[in-house]
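I would like the entire structure built from these sequences, with the hints used as guidance.
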Amino acid sequence: MRLLIATVLLLLSTAPSLAATPAPPVYFDWFEYAGDDAAFEAPLPAGHYRNPILAGFHADPSIVRANDRFYLVNSSFTYFPGIPVFESVDLVHWKQIGNVIDRPGQLDFDGLSVSRGIFAPAIAHHEDVFYVVTTAVDSGGNFIATARDPAGPWSDPHWLPGVGGIDPSLFFDDDGSVYLLNNDAPPGPPRYEGHRAIWMQQLDLAAFKPVGPRKVLVDGGVEPARNPIWIEGPHLYRREGWYYLSDAEGGTGPQHSQVVLRSREVWGRYLPYAGNPILTQRDLPDDRPLPITNAGHADLVEGPDGSWWAVFLASRNYQQRHYNTGRETYLLPVQWQDGWPVILP
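5 is the number of the first residue of the sequence shown in our numbering; add one for each residue after it.
Each hint should be verified, as a subset may be incorrect.
[Stated by the list, open to error] The following label-pair restraints were derived from C-beta to C-beta distances: (1) PHE44 - ASP290: 39 to 45 Å; (2) TYR322 - GLU131: 45 to 51 Å; (3) ALA210 - LEU294: 49 to 55 Å; (4) TYR196 - TRP271: 22 to 28 Å; (5) ALA43 - ASP309: 24 to 30 Å; (6) ALA210 - ASP290: 47 to 53 Å; (7) TRP340 - TYR31: 28 to 34 Å; (8) GLY168 - ARG243: 27 to 33 Å; (9) ASN328 - ARG230: 15 to 21 Å; (10) ASP287 - LYS213: 42 to 48 Å; (11) ALA43 - SER119: 27 to 33 Å.
Bear in mind the hints are in silico, worked out from the structure with no lab data behind them.
Quick reminder that beta carbons are idealized off the backbone N, C-alpha and C, glycines included.
So this is what it looks like as structure tokens:
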């Protein structure tokens with residue numbers, strides 16, 4: 005009996021240590037996910053197209069027109085290869101032609117969750133060179149990659165030391181000046197959760213180095229008294245003597261939107277459009293059929309015929325905020341009304 009009791013006590017004393025032994029980690033070397041949506045098989049009348057133009061996990065689109073073609077990039081987070089590059093001649097039919105991040109030595113994502121890594125790349129084209137500027141979250145910060153051919157090869161990252169925040173973009177002005185815009189913390193203590201600002205600084209393109217003073221173009225959002233959150237994804241355009249600054253606002257969720265401001269001078273003061281937001285779905289009924297949600301983070305492009313278009317992210321959710329296809333890329337025409345770009349009038 006004493007031996008039996010001693011044996012039971014020994015087993016009980018070792019049980020916690022046995023239960024606490026961690027399971028070995030599981031690593032995935034490679035996997036593939038494919039979907040089949042019957043909606044895309046139905047024929048369309050001539051002159052029509054179907055959204056999304058890039059279905060499934062194609063968030064934060066940025067677009068540029070060069071050499072009679074359109075080029076588009078998306079966020080890729082810690083997936084490798086990263087920053088897919090797409091090409092199109094008509095804005096509707098897209099083909100992936102490469103990746104900006106296609107060599108393990110370009111970036112180190114080891115140990116990061118899939119929600120970190122590459123956020124919101126922006127693509128530009130200037131004097132026969134393509135530029136992609138983006139943020140490698142928790143893996144280096146903001147950087148620029150370049151290529152003569154958008155299909156690649158792309159350069160190693162040119163890091164931008166001292167440039168914090170996320171969502172950088174480049175603007176090439178007519179006088180040869182180059183500007184770097186991005187989302188960052190406000191100039192003073194944040195007044196509320198989600199209070200951010202849009203900053204701008206000139207860039208020495210040869211040295212890939214910001215130069216000169218750094219200025220806030222938008223502090224908080226287009227209606228600061230309402231405590232708007234997450235002003236981000238800035239893009240600057242020039243048209244008919246105006247500089248147009250377009251930003252995402254409201255966070256990448258049901259309150260997402262796109263807003264626009266303009267100025268006669270590149271440094272501002274930028275005044276908001278009275279009809280903002282120029283794109284959102286947040287005012288639509290929650291019980292509407294086949295809802296498209298989270299619309300925002302738009303980039304504008306002018307076609308060869310003078311028409312303007314917007315690519316942006318949105319989601320097809322099947323229940324509240326559940327959407328297994330993630331954030332997808334959509335396309336809508338842009339109308340100019342009284343000197344302002346409007347995506348959904």
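Hint check results:
Against the hinted window of 39 to 45 Å, the Cβ-Cβ separation of PHE44 and ASP290 comes to about 26 Å, which falls outside the hint. For TYR322 and GLU131, the hinted distance range of 45 to 51 Å is satisfied, since their beta carbons lie about 46 Å from each other. Checked against the given bound of 49 to 55 Å, the beta carbons of ALA210 and LEU294, roughly 50 Å apart, stay inside it. Hint check: TYR196 to TRP271, Cβ distance near 27 Å, so the stated range 22 to 28 Å holds.
Between ALA43 and ASP309 the CB atoms are about 29 Å apart, so this pair conforms to the stated range of 24 to 30 Å. Checked against the hint of 47 to 53 Å, the C-beta distance between ALA210 and ASP290 comes to roughly 52 Å, which is consistent with it. In this structure the hint that TRP340 and TYR31 lie 28 to 34 Å apart at CB is violated, the actual value being about 52 Å. A C-beta distance of roughly 30 Å is found between GLY168 and ARG243, which places it inside the suggested range of 27 to 33 Å.
At roughly 33 Å, the beta-carbon separation of ASN328 and ARG230 lies outside the given 15 to 21 Å, and the hint is violated. The hinted range of 42 to 48 Å is satisfied by ASP287 and LYS213, whose Cβ atoms lie roughly 43 Å apart. Remark: the range hint 27 to 33 Å for ALA43 to SER119 is upheld by a beta-carbon distance near 28 Å.
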